[in-house]
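This is what each chain is made of:
There are 2 protein chains.
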Amino acid sequence: MDLKSFSSTSVSTFEVDHVGRSYSTLISSFRHKVGVGFSPHFKCRRGLFLRTYSAPDNTYLTDKAGISSVGEDNLATETGLHINGTSGSIRSFYTRNLRVLDAFDDEYGGVVVDPDRLPSNPYTFAALLRLSLSHWKKMGKKGIWLKLPLEQSDLVPIAVKEGFQYHHAEPGYVMLTYWIPEGPSMLPANASHQVGVGGFVINDNNEVLVVQEKHCSPATLGLWKIPTGFILEAEEIYTGAVREVKEETGIETEFIEVIAFRHAHNVAFEKSDLFFICMLRPLSLKINVDDLEIAAAKWMPLVEFLEQPLIQEDSMFKKIVDIFIARLGKRYCGLSTHQVVSKFDGMVSSLYYNVIDNEDNCVGN
Amino acid sequence: MDLKSFSSTSVSTFEVDHVGRSYSTLISSFRHKVGVGFSPHFKCRRGLFLRTYSAPDNTYLTDKAGISSVGEDNLATETGLHINGTSGSIRSFYTRNLRVLDAFDDEYGGVVVDPDRLPSNPYTFAALLRLSLSHWKKMGKKGIWLKLPLEQSDLVPIAVKEGFQYHHAEPGYVMLTYWIPEGPSMLPANASHQVGVGGFVINDNNEVLVVQEKHCSPATLGLWKIPTGFILEAEEIYTGAVREVKEETGIETEFIEVIAFRHAHNVAFEKSDLFFICMLRPLSLKINVDDLEIAAAKWMPLVEFLEQPLIQEDSMFKKIVDIFIARLGKRYCGLSTHQVVSKFDGMVSSLYYNVIDNEDNCVGN
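In the order they appear, the protein sequences are chains A and B.
According to our numbering, the first sequence is numbered sequentially starting from 32.
According to our numbering, the second sequence is numbered sequentially starting from 32.
In case anyone wonders, no lab produced these hints; they're calculated from the structure.
C-beta atoms are modelled at their ideal positions from N, C-alpha and C, and glycine is treated no differently.
Please note that the accuracy of each hint is not assured.
[Unchecked claim] Part of the chain A face toward chain B, derived, beta carbon under 10 angstroms: (1) Tyr154; (2) Met170; (3) Leu316; (4) Val320; (5) Leu359; (6) His369; (7) Asp376.
[As the list claims (entries may be wrong)] As a list, the in silico DMTMM-like pairs of lysine to aspartate or glutamate whose alpha-carbon atoms are at most 20 angstroms apart: (8) B/Lys374 x A/Glu344; (9) B/Lys245 x A/Glu138; (10) B/Lys374 x A/Asp353; (11) A/Lys192 x B/Glu182; (12) A/Lys374 x B/Asp353.
Isolated chain A (complex conformation) (with noise of 0.2 angstroms):
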């Protein structure tokens, strides 16, 4: 069996990325490739051998420790593990008791826990997380990543105890972080925004798409507003304006232009909030009202929107609408999107921008 080969091998076969701390290429984010997915979704795929660390100087754990419960993985264990140790010397063990957790070297001197290898038993886990950061130390090794599936919570506080903090979490998991060194963390941080988005859309009557909302602030009772929303994971903001404006009201629209966006702070979570105003075009006119979020939905004159005094009356409605009427008057100039792929992320982005004209209609649509 050549071991070898499946230790050069593995690694790619499980990579995908994350952000670093720094941007790397002019615009595009440092890719921090690491030896296994974050995604709660990720499967990696049994059956393929992993790379994974020495114990140090050989230590033979004790099964006092739980270790001889390790279950699944003595599968691979007993079927090839190899060691690669600081020497970059391969080494096959075929006992149950030498292991420490499996894991991948990411980029930055990083090592990343194959969350899809852990022991079962938690005093196993225990006895190998402390083992494994004792062999990663002496190998200089810096932020550990450690993601523990929802169904195995109960290593969670085995991990904290050991000196592991959150880093973040989803439904399925979450995402525990060691660094090693001395000084403070260089691990990137969580996401740390929302996005929203919101539709202007307006018919050839110049009447406004508005809503009221089932559940708004007693400051906002009574207010016609246009239809807003949060997007979902992975998608765009004109996918996302789109898609509000047909669940709140059942109108078909396309995208034409973001045309101001609203940055704000400690809104959810002590997260931030960034609000995307977009003009829509109306390519459908009869409303059909979303029960559940929404209490009414109308098509209203452009001058009775515009006049409600809670708009007049508030420094940011009102700038917004007057922005809304300079585009409509063809005095201002949104930021239409634009496909583009750069070969060094090879990932397909969208790049918001005007239309470059040299006439005072900046509208290219």
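Following the hints, position chain B against chain A.
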């Protein structure tokens, strides 16, 4: 002792906002008032009496479940815990054994468990959590929010066993949720984006401020790029761009405009990324390189910067540079920032939009 007054005033003392599923005002967030802060730094002021929920049917917990070891929680109980049951009647109990978890109502029919008054004993917590869930279900409650501090990670597996899922986490805590009603959870999602900034800085000699990073991907090796980085918690885009330039190069700048932004997905931990390209004006010229992240920094003649093959050969970089050049020639409108306050949420926030102008030159700076 007027217990009723405590019940009517204590909740507002602790009110903070978080975002619900949709936006409730014209553009601002749906501010979901809940009874206790989600901030890891938030400290519930002890000594105030908190509204709690009654145990169903005034059930007494037995000592077998460890309730007598609630510890500091007994203080509140013994000095005047009041129970606000479904009937709305106010009753007081001075027994140590009749308890559910201290919690607050939120405005959406949900419950927020007080993270500062969790039992320290896991057995007590397990018994109280089960009792509380049963009680909240009977009361028709919807979303339950349970914030567990890092130092009480031993409670995590207990909550998961009762059916809680992770919602989000920050270094010092993990937030778990439980959605009681039938159907999909209507609780707001976790933060979905990280936000980066890049600064185009050009001096009077038509030289662009550029850097080479220490940790760059092989694809960008040798590229002279603009300074970039992530914005900090609650930081403004315009502040973040100025800070990153200063940190990486030592150059002082002032913010002019956002000239474009990029939206990419599945970047870090399955999250999305918004990157704002900013135009900055230099206020100093002497470069002082940040040795930690930056290998080199310099003022580079604009033509030389543009003609770098790595920029010319990449459609995204090329487009951004084209926008930059158009903006320099005043043939492009960027978005400048304006502080606005809306009375609907009382928040100061930054609105980014073009200066409305009838001339070709959209530049208002």
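We went through each hint and held it up to the structure:
| no. | hint | result |
| --- | --- | --- |
| 1 | Tyr154 | 14 angstroms, violated |
| 2 | Met170 | 20 angstroms, violated |
| 3 | Leu316 | 22 angstroms, violated |
| 4 | Val320 | 14 angstroms, violated |
| 5 | Leu359 | 12 angstroms, violated |
| 6 | His369 | 7 angstroms, holds |
| 7 | Asp376 | 8 angstroms, holds |
| 8 | B/Lys374 x A/Glu344 | 9 angstroms, holds |
| 9 | B/Lys245 x A/Glu138 | 13 angstroms, holds |
| 10 | B/Lys374 x A/Asp353 | 18 angstroms, holds |
| 11 | A/Lys192 x B/Glu182 | 9 angstroms, holds |
| 12 | A/Lys374 x B/Asp353 | 18 angstroms, holds |
Of the numbered hints stated above, those contradicted by the structure are hints 1, 2, 3, 4, 5, listed in ascending order.
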